[in-house]
Amino acid sequence: MIQNLPWLFLLLPLVVSAINWLCFKKCACMAATLSILSAMATFAMCVAYLMGWQTGTPTTYTWMPIMAEGMPSLSVGLLMDPLAMRMMLVVTGIGLLVHIFSLGYMKGDTSNHSRYFAGLSIFMFSMTMIVLADNLAMTFIGWEMVGFSSYLLIGHWFDKASAADAAKKAFITNRVGDFGFLIGILLTLAVFGTLSFGEMGGKAAAIAPAVLSATIICLFCGAVGKSAQFPLHVWLPDAMEGPTPVSALIHAATMVAAGVYMLVRLQVSMGEAAFTDTACTVIATVGAITAVLAALMAVQQDDIKRVLAYSTLSQLGYMVMAVGLLAGEAAMFHLYTHAWFKALLFLGAGAIIVRCHHEQDIWKMGGLSKRMPLTVICFLMGTCALIAIPGFSGFFSKEAILDAALTKNPVFFWVGAAVAALTTFYMARLCLVAFLGEARAHGAAEAREAGPTMLLPLLILSIMAIISGYGFVADGLVPYEGFHAHGFALGLPFYVSMGSLVIGLLLAWAVYGLGKRRQDPLAGNALSTALRKRLYIDDVYDKGLIGFLQGNLARAIELFDNAILHGICTQGAGWLTGRFGKLLTWFQGGILRRYSVVAALGALLFLFLIVSFSFTH
Amino acid sequence: MLIWLIIVPVIAAALIGLLKAPGRATALVSATFTLILGVCAFIHTTFCANPCIDCWSTVGNSELWLSLETPLSPIMLLLSVLVTFAAVLGMKAPNKDAERSWAISALMLSTGATGAFISDNIISFYAFHELALIPTFVMIGLYGRGNRRTVAWTATVYLGLASMVLLAGLLMLCSELRAYTFSGIRLAIAQGVVPTSVLVPGLLLAGFGTLVSLFPFHSWAAPAYASAPTPIAMLHAGVLKKFGLYGLFTLAWAMGPVCKDFFGCWNNLLLVLLLGNVLWVGYVTVAQTRLDDMLGNSSVMHMGYIFLAFAAFVASGAGNELAHKGAAMLMLAHGLTIALLFLLTGQIESQTRTLELDSMGGLGRKLPMLGFLFGLAGLASIGLPLLANFAGEFTVFVSCFSGWQPGAATAAQGCDILSSIYGWFEGWMSSIWLIGPVFGWIFGAITGALNTISGWFGGLGPVQLATVFALWGLVISAIYMLRAFRRVFEGNVGLASERATGLSCADIWAAAFLAFFIVLFGVAPFIIF
Numbered sequence: 003m004i005q006n007l008p009w010l011f012l013l014l015p016l017v018v019s020a021i022n023w024l025c026f027k028k029c030a031c032m033a034a035t036l037s038i039l040s041a042m043a044t045f046a047m048c049v050a051y052l053m054g055w056q057t058g059t060p061t062t063y064t065w066m067p068i069m070a071e072g073m074p075s076l077s078v079g080l081l082m083d084p085l086a087m088r089m090m091l092v093v094t095g096i097g098l099l100v101h102i103f104s105l106g107y108m109k110g111d112t113s114n115h116s117r118y119f120a121g122l123s124i125f126m127f128s129m130t131m132i133v134l135a136d137n138l139a140m141t142f143i144g145w146e147m148v149g150f151s152s153y154l155l156i157g158h159w160f161d162k163a164s165a166a167d168a169a170k171k172a173f174i175t176n177r178v179g180d181f182g183f184l185i186g187i188l189l190t191l192a193v194f195g196t197l198s199f200g201e202m203g204g205k206a207a208a209i210a211p212a213v214l215s216a217t218i219i220c221l222f223c224g225a226v227g228k229s230a231q232f233p234l235h236v237w238l239p240d241a242m243e244g245p246t247p248v249s250a251l252i253h254a255a256t257m258v259a260a261g262v263y264m265l266v267r268l269q270v271s272m273g274e275a276a277f278t279d280t281a282c283t284v285i286a287t288v289g290a291i292t293a294v295l296a297a298l299m300a301v302q303q304d305d306i307k308r309v310l311a312y313s314t315l316s317q318l319g320y321m322v323m324a325v326g327l328l329a330g331e332a333a334m335f336h337l338y339t340h341a342w343f344k345a346l347l348f349l350g351a352g353a354i355i356v357r358c359h360h361e362q363d364i365w366k367m368g369g370l371s372k373r374m375p376l377t378v379i380c381f382l383m384g385t386c387a388l389i390a391i392p393g394f395s396g397f398f399s400k401e402a403i404l405d406a407a408l409t410k411n412p413v414f415f416w417v418g419a420a421v422a423a424l425t426t427f428y429m430a431r432l433c434l435v436a437f438l439g440e441a442r443a444h445g446a447a448e449a450r451e452a453g454p455t456m457l458l459p460l461l462i463l464s465i466m467a468i469i470s471g472y473g474f475v476a477d478g479l480v481p482y483e484g485f486h487a488h489g490f491a492l493g494l495p496f497y498v499s500m501g502s503l504v505i506g507l508l509l510a511w512a513v514y515g516l517g518k519r520r521q522d523p524l525a526g527n528a529l530s531t532a533l534r535k536r537l538y539i540d541d542v543y544d545k546g547l548i549g550f551l552q553g554n555l556a557r558a559i560e561l562f563d564n565a566i567l568h569g570i571c572t573q574g575a576g577w578l579t580g581r582f583g584k585l586l587t588w589f590q591g592g593i594l595r596r597y598s599v600v601a602a603l604g605a606l607l608f609l610f611l612i613v614s615f616s617f618t619h
Numbered sequence: 350m351l352i353w354l355i356i357v358p359v360i361a362a363a364l365i366g367l368l369k370a371p372g373r374a375t376a377l378v379s380a381t382f383t384l385i386l387g388v389c390a391f392i393h394t395t396f397c398a399n400p401c402i403d404c405w406s407t408v409g410n411s412e413l414w415l416s417l418e419t420p421l422s423p424i425m426l427l428l429s430v431l432v433t434f435a436a437v438l439g440m441k442a443p444n445k446d447a448e449r450s451w452a453i454s455a456l457m458l459s460t461g462a463t464g465a466f467i468s469d470n471i472i473s474f475y476a477f478h479e480l481a482l483i484p485t486f487v488m489i490g491l492y493g494r495g496n497r498r499t500v501a502w503t504a505t506v507y508l509g510l511a512s513m514v515l516l517a518g519l520l521m522l523c524s525e526l527r528a529y530t531f532s533g534i535r536l537a538i539a540q541g542v543v544p545t546s547v548l549v550p551g552l553l554l555a556g557f558g559t560l561v562s563l564f565p566f567h568s569w570a571a572p573a574y575a576s577a578p579t580p581i582a583m584l585h586a587g588v589l590k591k592f593g594l595y596g597l598f599t600l601a602w603a604m605g606p607v608c609k610d611f612f613g614c615w616n617n618l619l620l621v622l623l624l625g626n627v628l629w630v631g632y633v634t635v636a637q638t639r640l641d642d643m644l645g646n647s648s649v650m651h652m653g654y655i656f657l658a659f660a661a662f663v664a665s666g667a668g669n670e671l672a673h674k675g676a677a678m679l680m681l682a683h684g685l686t687i688a689l690l691f692l693l694t695g696q697i698e699s700q701t702r703t704l705e706l707d708s709m710g711g712l713g714r715k716l717p718m719l720g721f722l723f724g725l726a727g728l729a730s731i732g733l734p735l736l737a738n739f740a741g742e743f744t745v746f747v748s749c750f751s752g753w754q755p756g757a758a759t760a761a762q763g764c765d766i767l768s769s770i771y772g773w774f775e776g777w778m779s780s781i782w783l784i785g786p787v788f789g790w791i792f793g794a795i796t797g798a799l800n801t802i803s804g805w806f807g808g809l810g811p812v813q814l815a816t817v818f819a820l821w822g823l824v825i826s827a828i829y830m831l832r833a834f835r836r837v838f839e840g841n842v843g844l845a846s847e848r849a850t851g852l853s854c855a856d857i858w859a860a861a862f863l864a865f866f867i868v869l870f871g872v873a874p875f876i877i878f
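Protein chains in written order, with the numbering used here: chain Z, 3 to 619; chain Y, 350 to 878.
Check each hint, because a few of them may be wrong.
Output of the computed footprint for chain Y on chain Z, the stretches with three or more beta carbons under 8 Å from beta carbons of chain Y [unchecked claim]: (1) 55-67; (2) 134-143; (3) 154-161; (4) 191-200; (5) 287-301; (6) 581-595.
Under the rule of at most 25 Å between Cα atoms (straight-line distance), these lysine-lysine pairs were calculated in the PhoX-like manner [unchecked claim]: (7) Z/109 / Y/715; (8) Z/109 / Z/205; (9) Y/441 / Y/715; (10) Z/162 / Z/518; (11) Y/715 / Z/162; (12) Y/369 / Y/445; (13) Z/366 / Z/162; (14) Z/518 / Z/372; (15) Y/715 / Z/27; (16) Y/445 / Z/28; (17) Z/518 / Z/584; (18) Z/518 / Z/366.
Label pairs and their computed distance ranges (CB to CB) [what the hints assert, rightly or not]: (19) Y/513 / Z/610: 43 to 51 Å; (20) Z/542 / Y/444: 54 to 62 Å; (21) Z/64 / Y/521: 28 to 36 Å; (22) Z/542 / Y/513: 49 to 57 Å; (23) Z/450 / Y/847: 36 to 44 Å; (24) Z/542 / Y/799: 50 to 58 Å; (25) Y/799 / Z/64: 45 to 53 Å; (26) Z/607 / Y/491: 23 to 31 Å; (27) Y/790 / Z/513: 31 to 39 Å.
Calculated directly from the structure, the hints in this document are not laboratory data. All C-beta atoms in this analysis are idealised placements derived from N, C-alpha and C, irrespective of residue type, glycine included.
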């Protein structure tokens, strides 16, 4: 019995979510309490397991018994290796802080809070499913379920058109990635003969490299969708329509990192040999493209959440690039530090947004360092970690990725360095504009310090943003088996990243000064417009793909279907039958003269038949 | 025992019709009875170690030979009784007289479907289905929406033609094998009789296919469902439509390995047609502007996946147990889901008095319960895990790759109708100036593209290649379902939604009943497997 305790990781949030949904629809504070308790319990359990608590291997259950020959049954089981359990710590830890932060954030909001907390709980369930899954099918189930909970939470304010559209866009874009992912899962099943992570090892050598590449690239499609990599990155910035704590938890720290986690999980269980050169090149290139494009777009965003969203995209690109360079350890290190400091940045932004009366435009902020100093200091800690100032957590993990890139492929190293400079520039821009100078709008002028339920998570996350990169923390917590924070040496990567840091800071200072600007001096030209319009990628999708494929093409098909298949074939059959019936009624119209003519004709025919028959025989 | 599943509803219908018994209440009693009996039969045959199948059968030499011997029967019976109960419970007729005829039709429809699913005798299997079609047409003609006369007439004639084709196929098959029951066919095949006709499987596929709305014979379905009164749409789309698939699967099961040669010739053509269901009809669905049309087409689209399972089943010579199970799961799940969606659509229409997607919006704020249930059913139908359809779809996809290995080129089928058609077409076309080369070039390009795609994955067989294409249906279905949900339930509260007053208890219970089973089979698919 006791060995099945880990199943609570899954069951607790699921049950809580169901209860919140069905029973506490009208009783928001009960719903919130239950959700927070469940998050606390899972976090505590996770800590206990990491401290060495043992309960034995949890039972694996058969979910769909499959009786086909050579096919494994579809089972659900928990895989509790360090990779999974430490990832669980990130998920439950940040999850718990976000739950607590939500209390303060949602205060005064008129929407249904029970629905919100039920959504958070179902997200915790789904994410746990991905992290603890012991086979790819279970990963896929969790994969779809996080997509669903993300849909629910982005669309939390569903009567707002933009939120409802963003939720739909996120789900459908993810589905496009899942299309490839599912093909990849089917191929994995066929070529590896199993979906279980524990049984994949060592089989790659016997498989033709071309098939292996196809399999890995298909599986990677799933990560492209979930981790919002180019060309499916378009959903993530829109997802910022959701409540900000949700953005912190789902769209920054955990769910979007699931793609990276899944790839590393595959790398670990299939062995690095399974990641062929072709597959690796594709993965690293996609990651690098995403990192660069997203960093560029972040430079010209005015919405504080969108700046952070593009920065998330760009950092995810970093991680994916690291996976493609076969540096899974560095990828997971960055995933882990990024989770803490990006959650901090989002929650900080959330606190600022709430206190500025839901104003998100940085050009309508200003002078916040005077009005909400604690929040701003916490936000700055996160910024320091993100732009990799030596000593902060992000510095160590970024160095690890740059190190790996330099040894594997210098092109990616220089791409990484350029992205680092851009990152510094846009984050410095954000801080200079929003925090210094005078308030440029009514909301910012009235801002005051955030309340305790919001500050507490910020403080805890700030501590993590600083210390989580050092060996004494990281060695025990980074989700990678046998992770060891290697001491860094003064070398090319260090000098280059320091160079990009300084360049970025100086440029931002030169352009934006110390908060005196009232509008963006870089705005107004073609390049800026292009960056603001997200390099027109969304427009191409809207007009080209959605307008053409789902609009004109679908209508044309429908027209053809309606006119030819339905109009001529189906209705034609009915029409013909009707005509034939009319023809037959002519013979039986009750008119005696017609009957006699028909009878005479019939008699003639009969006679003819008899005569001809007797002649032939 | 099974005979009571037929007798009780007939008696109930007679009571309503002849003695003017109250419509809905009487039907509800009958539906409750069949529900209990059906569920008992399902549990007994599925979970008991040594189920006494003969206990259920109507034994003897009677022509009406009912049994649960075929593997799909208990599952289809379960589907039938579940949907019948919900349809009767959620029935809302405009007046007392109408209620009586609605109740009679619902009972007859469900009796016909149930009878077909538990018939061993092929003639009564066919006859029960015909019986079920009659109330469908009458109800569309009398109580339908929109252009009901034309719709009823068109559907009657079209399905009548399909039934003729089907009957011809069935009779030819039976006379060739000298067996008139499914078990008899199984016995005959086991004794070494081999059906050789190429035409018969074609007739069967066309006949059954039309009844299941296989592309390009699908266009009767959406207008009929859109027009039919709610309980009829539920029962027809949810239960009766599975008749064709049930028939195909059961015949293939009865034939065993022989089915590979029997249906095999047609398999490649079938793959093309089912992709028509998934992709072509998928895009037709995206273009719909009314909720009921959209749902009708979506139900046509999802039939493609079950045909995919059938193709995989046939290609493996009935050895692919997984395809069989997956199809059963998917049929059950789809039946429950589409019934729930039609039920909720009926409620939406009675609340807002419109089904035009453009004039709705924000209904989720006015009726959160309705939004929740519709969202659940909609997400189930697009294959969200932990809801029933996912288990079915996933198993079907897995089954299509079962037994496939990269590099192992699939053995060429002895005869292939698709290549014959192509060859005939090519010969005919090449005699025409200019069109011949263009035609050859286009088909060369298509073949080349297919070979290239298949080569990427190490040589996919036809079934696997079709699966890869069919998976795109997951994206299409997400598009139309989420779009519809967005337009009906989210955004600003539209004018139509303002009219909404609230649902009655019976409405909610009927829907919750189906929703419960969708969740149950989704979380615990091992019940069915």
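Evaluation of the provided hints:
1. Under the rule that three or more residues need a Cβ within less than 8 Å of chain Y, the assignment of the region 55-67 of chain Z holds, with 4 such residues.
2. With a cut-off of 8 Å between beta carbons, the region 134-143 of chain Z has 3 residues touching chain Y; three or more are needed, and the interface restraint holds.
3. With a cut-off of 8 Å between beta carbons, the region 154-161 of chain Z has 3 residues touching chain Y; three or more are needed, and the interface restraint holds.
4. For the region 191-200 of chain Z, the stated coverage by chain Y is satisfied: 3 residues place a CB nearer than 8 Å to a CB of that chain, which reaches the threshold of 3.
5. With 0 residues bearing a CB less than 8 Å from a CB of chain Y, the region 287-301 of chain Z misses the requirement of three and the coverage assertion fails.
6. Using a Cβ-Cβ cut-off of 8 Å, 0 residues of the region 581-595 of chain Z lie near chain Y, which falls short of the minimum of three, so the contact claim is violated.
7. Taken as a hint, the residue 109 of chain Z and residue 715 of chain Y pair is honoured in the structure, with Cα atoms around 23 Å apart against an allowance of 25 Å.
8. Between residue 109 of chain Z and residue 205 of chain Z, the direct Cα distance comes to roughly 54 Å. Violation of the 25 Å bound is thereby established for this hinted pair.
9. Straight-line distance between C-alpha atoms of residue 441 of chain Y and residue 715 of chain Y comes to about 21 Å, which keeps the hinted pair within the 25 Å bound.
10. Under the criterion of a C-alpha separation no larger than 25 Å, the hint pairing residue 162 of chain Z with residue 518 of chain Z is inconsistent with the structure, at around 35 Å.
11. Between residue 715 of chain Y and residue 162 of chain Z the alpha-carbon distance is near 15 Å, which keeps this suggested pair within the 25 Å criterion.
12. A hinted pair counts as satisfied when its Cα atoms are at most 25 Å apart, and residue 369 of chain Y with residue 445 of chain Y qualifies at roughly 10 Å.
13. Taken as a hint, the residue 366 of chain Z and residue 162 of chain Z pair is honoured in the structure, with Cα atoms around 22 Å apart against an allowance of 25 Å.
14. Distance restraint check for residue 518 of chain Z and residue 372 of chain Z: the Cα-Cα separation of roughly 15 Å lies within the 25 Å cut-off, and the hinted pair is therefore satisfied.
15. Restraint check for residue 715 of chain Y and residue 27 of chain Z: the C-alpha separation of about 15 Å stays at or below 25 Å, so the hint holds.
16. For the proposed pair residue 445 of chain Y and residue 28 of chain Z, the alpha carbon gap of about 38 Å is over 25 Å, so the pair is violated.
17. Between residue 518 of chain Z and residue 584 of chain Z the alpha-carbon distance is near 88 Å, which puts this suggested pair outside the 25 Å criterion.
18. With a C-alpha separation of about 13 Å, the suggested pairing of residue 518 of chain Z with residue 366 of chain Z holds against the 25 Å cut-off.
19. In this structure, residue 513 of chain Y and residue 610 of chain Z break the distance hint of 43 to 51 Å, their C-beta atoms being roughly 31 Å apart.
20. Under the hint 54 to 62 Å, the C-beta atoms of residue 542 of chain Z and residue 444 of chain Y, about 55 Å apart, fit the expected range.
21. A beta carbon spacing of about 43 Å between residue 64 of chain Z and residue 521 of chain Y contradicts the range 28 to 36 Å that was offered as a hint.
22. Evaluation of the 49 to 57 Å hint for residue 542 of chain Z and residue 513 of chain Y yields a pass: the beta carbon distance comes to about 51 Å.
23. Restraint check, residue 450 of chain Z to residue 847 of chain Y: a C-beta distance of roughly 40 Å satisfies the suggested window 36 to 44 Å.
24. Between residue 542 of chain Z and residue 799 of chain Y the C-beta distance comes to about 28 Å, which lies outside the given range of 50 to 58 Å.
25. Checked against the hint of 45 to 53 Å, the pair residue 799 of chain Y and residue 64 of chain Z fails, with Cβ atoms roughly 37 Å apart.
26. For the hinted restraint 23 to 31 Å between residue 607 of chain Z and residue 491 of chain Y, the CB-CB distance of approximately 43 Å leaves it violated.
27. For residue 790 of chain Y and residue 513 of chain Z, the hinted distance range of 31 to 39 Å is not satisfied, since their beta carbons lie about 57 Å from each other.
Comparing the model with each numbered hint stated earlier shows that hints 5, 6, 8, 10, 16, 17, 19, 21, 24, 25, 26 and 27 do not hold.
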